[in-house]
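K.L.:
Start from the sequences, fold in the hints, and give me the full structure.
Protein chains in written order, with the working numbering: chain A, 81 to 161; chain B, 3 to 235.
What the hints contain is simulated information worked out from the structure, not anything from laboratory work. All figures in this text were calculated on a predicted structure; none of them were measured in a lab. Ideal placement from N, C-alpha and C gives every residue a C-beta, glycine not left out. All clues stand as given, with none of them false.
In silico DSBU-like pairs for lysine-lysine, Cα to Cα no more than 30 Å straight-line:
#1 B:152 to A:154
#2 A:104 to A:154
#3 A:104 to B:6
#4 A:104 to B:5
Here are the computed distance ranges between Cβ atoms for each label pair:
#5 B:179 to A:144: 35 to 41 Å
#6 B:65 to A:95: 30 to 36 Å
#7 A:95 to B:99: 31 to 37 Å
#8 B:82 to A:95: 34 to 40 Å
#9 B:78 to A:153: 18 to 24 Å
#10 B:171 to A:82: 42 to 48 Å
#11 B:29 to A:144: 28 to 34 Å
#12 B:154 to A:157: 22 to 28 Å
Read off the chains here:
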Amino acid sequence: MTDIIFLIIALFTVTAALYAMLTKDRTVSVLSAGAAGLFASILFLMMAAPDVAMTEAAIGSGLTTFIFFFALRKIRSSRNG
Amino acid sequence: MVKKVFILLMIILTGLILWSFVPGYESRTALPEVSAHYVEKGPEELGAANIVTAVVVTYRGLDTLGEVTILFAASAVVGLLIHLNKNENKRRREGSEILRTGTALLFPLILLFGIYVFINGHLTPGGGFQGGAIIASAVVLQVLAYPNRKIGHGLLSVIESLSGFTYVLLGAAGVFLTVNGFLDNRILPLGEYGSLLSAGLIPVIYTLVGLKVGSELSSVVISLNGESEEEQL
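P.N.:
Structure below.
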């Protein structure tokens, strides 16, 4: 049973990562990269590595997403101005 | 067309390199010698209930110092590249009512949780890096809700430099005060196994690392949020 849940989440991770790569919309791309990080952190938790899972959740899917958005806004406003 | 062929070739070559690991792979049934030592002797030698922390802060303390240095370099480069304009007058739209109310409620709680995570690093999962990242995410919330509010860089850099400096000093103190040398945690008594004030220097070092990482990541976020000089032209 755990194996099946594990596989499903792993599949979600790969799908989110691929979607982040293939989509044309930057916002959606950043968001799905964050989602991939979140699923990966669940995988780490299931592999009994809570320390890594916390880091991945806080940095990989939390902070990185926001830093991407801040950077995107900077790029946009320097292009317009 | 040529570009696509090259990309495909790259992918195939990388796959070939990685494939060489696949045949002959056997999952380990026992821990390698060094890991076995950490797991068996760690609690007794260092008194930390969380073995990961014992490895990260003491056994592999030099690596952690390296990571902290890399983070410092990254945040310094962000500060260098993005010059903040002191007398900006463009006002950004504030966050919505919901965001502002939510921030007022959640900001202190997230901050406290971050502090809890790094102080209890030697007992429960988590530690300086995780706690620092949680603190920085509280700052992100604050920045999103009030984009125009100035948050002092001065205080952040003082906290950052002081905690980094103290970390190195404590590490160097180990060379003189203990047998094992740099970054040994047994300067302070190990205390009762599993209590908050135990495992010697580990809680102190993790508090310093937490403060350092938290202030570094926060200053990265604050720099990125501020208007740079180019934007105003």
